[in-house]
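**Q** Listed below are the residues making up each chain.
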Amino acid sequence: MSWAFLRDLLSGVNKYSTGIGRIWVAVVFMFRLLVYVAAAENIWKHEHDEFECNIKQPGCENVCFDHFFPVSHIRLWALQLIMVSTPSLLVVFHVAYRENRQKQHNQKLYRNPGKIDGGLLYTYLISLILKTGLEIVFLVLFYKLYNGFKIPHLVKCDIKPCPNTVDCYISKPTEKMIFLYFLAATSCLCIVLNLSELSYLIFKYSIKCYLKRHMKKQQ
Amino acid sequence: MDWGALHTILGGVNKHSTSIGKIWLTVLFIFRIMILVVAAERVWGDEQDDFVCNTLQPGCRNVCYDHFFPISHIRLWALQLIFVSTPALLVAMHVAYRRHEKKRQFRKGDQKCEYKDIEEIRKQRFRIEGSLWWTYTSSIFFRLIFEAVFMYAFYFMYDGFRMPRLMKCNAWPCPNTVDCFVSRPTEKTVFTIFMIAVSSICILLNVAELFYLLTKFFLRRSKKAGNSKQQPNHENKEETKQNEMNELISDSCQNTVIGFSS
Chain A
1 MSWAFLRDLL SGVNKYSTGI GRIWVAVVFM FRLLVYVAAA ENIWKHEHDE
51 FECNIKQPGC ENVCFDHFFP VSHIRLWALQ LIMVSTPSLL VVFHVAYREN
101 RQKQHNQKLY RNPGKIDGGL LYTYLISLIL KTGLEIVFLV LFYKLYNGFK
151 IPHLVKCDIK PCPNTVDCYI SKPTEKMIFL YFLAATSCLC IVLNLSELSY
201 LIFKYSIKCY LKRHMKKQQ
Chain B
1 MDWGALHTIL GGVNKHSTSI GKIWLTVLFI FRIMILVVAA ERVWGDEQDD
51 FVCNTLQPGC RNVCYDHFFP ISHIRLWALQ LIFVSTPALL VAMHVAYRRH
101 EKKRQFRKGD QKCEYKDIEE IRKQRFRIEG SLWWTYTSSI FFRLIFEAVF
151 MYAFYFMYDG FRMPRLMKCN AWPCPNTVDC FVSRPTEKTV FTIFMIAVSS
201 ICILLNVAEL FYLLTKFFLR RSKKAGNSKQ QPNHENKEET KQNEMNELIS
251 DSCQNTVIGF SS
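Chains as they are written, first to last, in UniProt numbering: chain A, 1 to 219; chain B, 1 to 262.
Just so you know, the hints here were simulated from the structure itself, not pulled from any lab data.
A portion of the hints provided could be inaccurate.
Unchecked claim - DSSO-like, lysine-lysine: derived pairs with alpha carbons at most 30 angstroms apart:
#1 A:Lys-103 x A:Lys-115
#2 B:Lys-108 x A:Lys-212
#3 B:Lys-102 x B:Lys-224
#4 A:Lys-204 x B:Lys-22
#5 A:Lys-103 x B:Lys-103
#6 A:Lys-212 x A:Lys-56
#7 B:Lys-102 x A:Lys-108
#8 A:Lys-15 x B:Lys-22
Stated by the list, open to error - Here's a subset of chain B near chain A, in silico, CB distances under 8 angstroms, partners left out:
#9 Asn-62
#10 Leu-79
#11 Pro-87
#12 Pro-175
C-beta atoms are modelled at their ideal positions from N, C-alpha and C, and glycine is treated no differently.
Excised from the complex, chain B in its bound form (with noise of 0.2 angstroms):
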């Protein structure tokens, strides 16, 4: 159980995703998870082992690490990176819920019409629509969130991005105030850096998905709302089915070429 496990729960969910939510998704585990497992981890393997205090009192190298550090940034990252994970399982699980009423009523006969077997419910992409898109865009926001509340937390721990290179200390039981050196500060303030600027990027890219959710969805209940008012007319009615025909041709042929493309 590792973080592939996290790439296989989160790339089933990429499928039913917006554009910029498979950038995102490409975001966080190429910049993110894979830069954390790869290189962080190695900055920050070594850190109490390599914290050094200008004293013998033993005990006193520890109490200071530990009130200098009271939570490793490599574990607040890690913590950070799944929380802001987890909401993509809300879409998932309701794509899932979709499938399993969709197949229940196949097994019925409703819908034969609609499907050859199930094979294609199974590997059917939804549109981000109705009950679906609330799904979707709550999952955007607690992501916000998450990413907001951790990025300030890290800050309002460390004092800032930077990590200082040497620390004065005076907790019990060292003697009197002491020097303690931290192992690697630029190296790991060059990962804090880049870390802080990854994760605002997925706000960026948070916040841009998020609007253009709502303005597609405005988009679309203003487009109903001029239909409904128009009179319903034979010639209308003519054009409506072959406004219809049109956007389904138009969601196929978006269809394939995203199956192609992922």
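In isolation and in its complexed conformation, chain A is listed as follows (with noise of 0.2 angstroms):
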């Protein structure tokens, strides 16, 4: 179990989309999960060990790197990739009732399972939905915990077994940053993509419905 089982997932999901869908899949996988397996996992490997306090004190710095990352920004991260993610099952999984029904009754009862409309739009908008508010959930989260998407070079601690007020060095601060801003900016580009591909679906269906309205009164 590893990233190429997401990447498989997402594949799957992509022969359902619409193009500003299929976007949106390609930035994830190239913006966000390459860049985060290829270059941001390594930033953050050694941290712990890089994290260093100006004291001989045992059990200080464990305590202090506990305090200032509760959770760990790679770790948080890796959840966002993947709770953004799993939405798009919802789909998936509506597309495979869709064709199981249809096998059970041995008729075609709809003219392509995997086109978006009926219940599936519906699916598909909730999806929509959900992603873009774990997106942002994600970032205020990630904003309250430490204070905005800096990384300081030097935090004072001073917890119990620390004797006194500690300066502590966190490793590599202003990498890791610019890859925080990067996960930032790829973040509210997905959600600009979504809330784009959302208005896009709303529009295109109210105009249908307004169509099909239209023509049934003429008649």
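Two chains, two separate frames, one set of hints: put the complex together.
**A** In structure tokens, the structure reads:
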């Protein structure tokens, strides 16, 4: 079980997406997943070992690290990637349910089980809303937990067993900050893509509905 | 999810590229991505652990390392490779869109005579003309821009491409100016120069491909202009028919050769 699983999942989703949905999948693959695996993971690899406090008191470094990094940035990033990709599964499940139903009744119930209409449209819209919501939640979490996306060089720590206020130095703060900004930028891009897809679908199907009603009235 | 997935995505684009484009892709995968994964990552693997400063002051090493390496070479290369590979996705999306349209037309029954089945549409190689030409050319243009930007960023951040052995650091909390020693400076310099050289080769390949596409475009335009100027008479119609047939034959030959080689 690794990121390849997520990649295969998203490839499956790609089939039932709109054009903007496919751009979203490409952005998630290239600019988030690939950057995470190829670059970001290694920056945070030895963050605990390289976290150094100006003290010899045993346990002080551990306690300070735990205080300043309750959940490591990289773990939050991974969680965000997984959570944000998961709502697309709703669409896959719905299509599978449709195909199953068709098989059970042994007749063509849907013109095309993968086409976004009827109930599948609502599932798709819900998945878009969930995706956007989760992105926003994680961005806010990042911002609140770490006071913005800045990472300081030095943090002052005075938790027991540290005897006094102790200077603790974080490793590679600039590099981490660059990648956090990159994460925030790609997150915002994905939010924009999701919102435009949402408005596009709502607009398209309201026009369709309106035209159908108009034609019925004329008849 | 790793570079292998990128290989799968870009491999699909390979079919619709020019010959120079195929060479570029090979150079990208063998001389850049493979070298990065197999060799360069190991060289930079222990960079902070083995970055040693001549002081016992805790924190001085961290701060000095961060000051001299705001973003590590290896991360910059990984980002460069990702950004440089992304424009090819534009071409992949355009091809997928065209295939989708052709499949739709096939289902409606418009092009039954041209394709025997949907498999043929899936396997078809599209010629780089029309709107695909514009997408392809803009993808090459963006590639060039990204390569140049990253090379400049590299040069700007690290004052050239050499990795010095010794750096003098006096950032707080280092007590005075402190000597800090980089691990494996010569090996890192060698790899940096290698990566820059391959980047330059890729830039040259992209420029050559751009010129090739532009030349093809202008030649095709002048041919069309020349054809439309001639008065349409019976003999010319037959000539043009024969020309079209010759083109089709040469195209199908080309397709078989390329299909063979890919």
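**Q** Between A:Lys-103 and A:Lys-115, does the CA-CA distance stay at or below 30 angstroms?
**A** Holds, because 17 angstroms separates the two Cα atoms, which is no more than 30 angstroms.
**Q** Would you settle whether the hint for B:Pro-87 is holds or violated, based on the nearest Cβ-Cβ distance to chain A being less than 8 angstroms?
**A** violated (11 angstroms)
**Q** Measuring from the C-beta of B:Leu-79 to each C-beta in chain A, is the shortest one below 8 angstroms?
**A** holds (6 angstroms)
**Q** Taking 30 angstroms as the top limit, are the C-alpha atoms of B:Lys-102 and A:Lys-108 close enough?
**A** Between B:Lys-102 and A:Lys-108 the Cα gap is close to 24 angstroms, so the pair holds against 30 angstroms.
**Q** Are A:Lys-103 and B:Lys-103 close enough, with their CA atoms no more than 30 angstroms apart?
**A** Roughly 24 angstroms separates the two Cα atoms, so the pair holds.
**Q** Next pair to validate is A:Lys-212 with A:Lys-56; report whether the Cα-Cα distance is within 30 angstroms.
**A** violated (77 angstroms)
**Q** Have a go at the B:Pro-175 hint: is there a Cβ in chain A nearer than 8 angstroms to its own Cβ?
**A** violated (12 angstroms)
**Q** Can you confirm whether the C-alpha distance between A:Lys-204 and B:Lys-22 stays at or below 30 angstroms?
**A** Judged against 30 angstroms, a Cα distance of about 40 angstroms means the pair is violated.
**Q** Take the C-alpha atoms of B:Lys-102 and B:Lys-224, compute the straight-line distance between them, and say whether it is at most 30 angstroms.
**A** Roughly 26 angstroms separates the two Cα atoms, so the pair holds.
**Q** Given the hint that B:Lys-108 pairs with A:Lys-212, does the C-alpha gap stay at or below 30 angstroms?
**A** Holds, at about 23 angstroms.
**Q** Decide if the proposed pair is consistent with the structure: A:Lys-15 and B:Lys-22, CA atoms, cutoff 30 angstroms inclusive.
**A** Holds, because 27 angstroms separates the two Cα atoms, which is no more than 30 angstroms.
**Q** Would you settle whether the hint for B:Asn-62 is holds or violated, based on the nearest Cβ-Cβ distance to chain A being less than 8 angstroms?
**A** With Cβ-Cβ at 4 angstroms, under 8 angstroms, it holds.
Going through the hint list in order, the structure does not satisfy hints 4, 6, 11 and 12.
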